[in-house]
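Asks: Here the protein sequences line up with chains A and B, keeping their order.
Note that the first sequence covers residues 2 to 378 in the working numbering.
Note that the second sequence covers residues 351 to 697 in the working numbering.
Wrong hints could be hidden among the right ones.
[Stated by the list, open to error] Restricting the straight-line Cα-Cα distance to at most 27 Å, the calculated cross-link-like pairs of lysine-lysine (DSSO-like) are:
#, chain 1, residue 1, chain 2, residue 2
1, B, Lys-550, A, Lys-289
2, B, Lys-550, B, Lys-475
3, B, Lys-412, A, Lys-178
4, B, Lys-686, A, Lys-251
5, B, Lys-475, B, Lys-464
6, B, Lys-475, B, Lys-579
7, A, Lys-240, A, Lys-253
8, B, Lys-686, A, Lys-289
9, B, Lys-456, A, Lys-178
Hints in this document: simulated from the structure, not taken from any laboratory.
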Amino acid sequence: MIPLVDDPQVEFLFSNPANLSCLDTAFSDDVINEITAFSTFLLKAQHSNAHSALGFWCRKSNVLAMKSDFKSFAHSSPKGLIFHITPANVDTVYFYSLILSILCGNSNIVRISDRSGDEAYKLIDSLKRFLSQRPQSVLHALICIVSYPSSAEELTRYFSELCDMRVIWGGDDAIAKINQQSPVTNQICFPDRFSIAVLHLESEAEMEDAAIRFTRDYVPFSQQACSSIKAVLWHKTSKSLQALFWQSLKDKVQHSDEAFSQTAQYNRLYNFQRLLLIHQFSVENTYKSVAGLICEAAPFDLAILADHKGDGLILSFELDNFDFTTHAKLQTVSCYGLTTSELEKLSSQALRITPLGSALTFNYLWDGENLLMAFSN
Amino acid sequence: MHLSNEQLLELPIYGLNKAQKQAFLASQLSFLDNYHLQHCALYQRLQQGCEQVSPLTVPLFKEFLLTSITAEDQHRLLTSSGTQGPTSKITLDSETAQLQSRILTKALQHWLGKQRLPMLVIDAKATIQKKAGMSARAAGIQGMLFFGRDPHFALNDDMTLNIEVIEQFFEKYKDTPVFMFGFTFIVWQQFIQQLVQMGKRYSFSKGMLLHGGGWKKMQQSAVSNDVFKQQIAQSLGAISVHDYYGMVEQTGTIYIECEHGHLHAPVWSDITVVDAATAEPLGNNQAGVILLNSVLPKSYPGHRLLTEDLGVIHGEDDCACGRLGKYFSVLGRLAKSQVRGCSDTFS
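So that you can see chain B by itself, here it is in the shape it has in the complex:
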């Protein structure tokens, strides 16, 4: 049976077992399959001649405006990072935008609690103040500011350490739970490494560092997740560290790393690791391309997406942390193709 948005919001975020979750997802997703077939002509063209529904490859959203709403109903146009090349364009009506934001809130509250905690942003204030085009980093920080209070920015505008602000924040909140947020590589290079160099150590009594944005640069610097966490424990004290994974094409469904180092799929979405050539599912512990299903995208046909990321599923319903659903790791991106056809030879 198809659930309303209110019913969706009542689901326990990590509380459905495999059978319950697959039954729920099957009905929601097949509703969305039919909905988008009826409301998006481009989606209809993509599905012709297929016995099964084909997931859409994520780069399509960069070139085509895939939408299931009329221009008048468009409430927001989300775009992905604008640093390089074309960006994804995601159309939201007010209903989908609201659902995304309420689901994200619910997911983050599971980890942060309902109280808004004092927040240390591991970035510069200037990052969110640049007027010309909002970067994905800025959008990420803006979004997270809603989940904390009294934000302090740990970096100066030139991305050097603002030690006075950090000291202030520590003095004020060393005995209360805190929320820290930043992008993985910035947290490592501009924050933790600098603290180590200056010989600075803090011992916060409680709190959480949420970080994301990928491990590519960390891998290049040969920093493993374990090393990252050990160094943070030494520099900041009793702060739990959680990586997250997610994409603008499926905003709202966020995958957060548990205490045992595994990313978890929330109830509203599912991950499958598939073979690149056939899009057929692979078994647990087999590396392949990440396919993400989400029940939120109603204003655009983004409910089944074949990402350009590689990952591996470790198991389902049996992570040592006790959360139900699949748990997994992201292994990086597909290698860049060496060449992109004849048309860009001279580059």
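One chain only, chain A, in its complex shape:
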């Protein structure tokens, strides 16, 4: 029934497709209990910020809130078997997508990159430890995690054909390649995106508060998530407050436990030089520290950010008004100190507007897709 299971290129990190079967209904009490128990397990373990963030996200109150939203969608039955192809750069995102699909009652095959970071593997260890205590858990029939090299086209084709629906997270190139290798009719793709912050500060107290929140949207995943802030647009904020903000950010990042690696520090400088050669913008000032390379630049142009590769590089621009030309790849705008009418203007230009500090908080509404609806009938 599963002829390719023996393929030496596949590594089964958790379970096996043969063990999978989906549930009859979405948001069953069984599933909710198991997911919230896993949440408690992760929060107790306190392995890392990324694990705790996931645990916090799938806490009981949030799951119940999603259930109550779900009721209004007039969907109820699972799609069946879902194949998730997940990004290597945000190495815990696969679990968010997986949990939403599980809540909808689907069984799942998740392919993680063989270049995934430690966090990706640690999560699988946590899941194994959690389930080893719960032999009767409904989750056993819902999760299979595999890893194989992207060059193994036949495996992508095989898993795609086995499943009722496919989700591809990340890379435009990856999406194009997978669709060419193995076209399917039912899928959701999340292509490359970049995100920015618009800040309006008036006092030192605001500056401090904003710096704390900013760190949360900037440092995790080495600034490589699609929602990571890549540029700051300053609105009506004095130069002296801006300078204090950068100083404060430096202190906060230095003392955060998710600092940038030495390789990231080098790559950010390379990436900055690369941007200078690809795009025409002028540099007014640069500040370099462990916390990042901050470049005050002009004129403001979102197109530059499409080539920005994270690792702690912040482009800083002045923004006089909100009538800037938007860009198809602009995803999240993290906002601080803006008026309702300013927020309204921004929301017509980006896929998502969030208060500063919550850009990386996952939501079932992502890039304009309602994942709970997508994962059910």
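Based on the hints, put chain B in the right spot on chain A.
Replies: Below, chain B alone, put in the same frame as chain A:
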């Protein structure tokens, strides 16, 4: 005062002390800063908004043709190893190419003497005969052939030991100085280890083994420089062993290991170990990213380069070998980044 190429060639390779060398480098490098600002538009863009001159990160040369000469003046296009991914492209006019080659000759003559010595290449002849694209290894061997004579290739085309050739070479030259050259890991695995296995020992009376190409595989095999040297002494006799460090982006300035196990910067170039985030210099004995300055690159803006290598400077002007200038060790490469952004997710 800015020196001409002829004057550069007359400088003593390890003979300027810190004050003399820094004064000389400052004037040559600031001349090159201005020269490249005027002749390379991309370089000009890279320097905007900076109070100090920024060194260029080496990977830039893979994606962009950074040049300070016109296409007509291009005499050669150097490329780095072609084994994986994109390669660096370095444009040379005849003046820079000639200067690089004369400086390299001067540097190697310091170690090998002016006589061209009989040469044992620790590699296969096939390595330099492959027609499709020259590898860095092949280019390295080709370059070194100029510094020896009567080359013998110690390995067969399948990289196994060619014991007859080695015996011939030993018979012919056991009493005269010889020059051996090869890539560190090949010397170790395909040559020395095989000799040990076969129980073969030679006792050359004099000579030098020059080897380079990095210690990554040696570290993986847990072979230290000391073990490497001890084994060579047992297998080959009185051969001095010298590692070297250098890169295609700064051809000509080569860093050779002295009798005390330290790499030395020649007079035409300088090493600084810097903090990765700020590119600010670190003190002696502090590990960081290697920044290389060289006074040779005039046809391309490669005079100040931030490499992807990690190193540590041990001191300046006071190595026990007596050579002046900074002496240092290379510690390896920066760890590969786990991920390279969103665009290559599926790999």
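Asks: Which numbered hints turn out to be false for this structure?
Replies: 1 and 9
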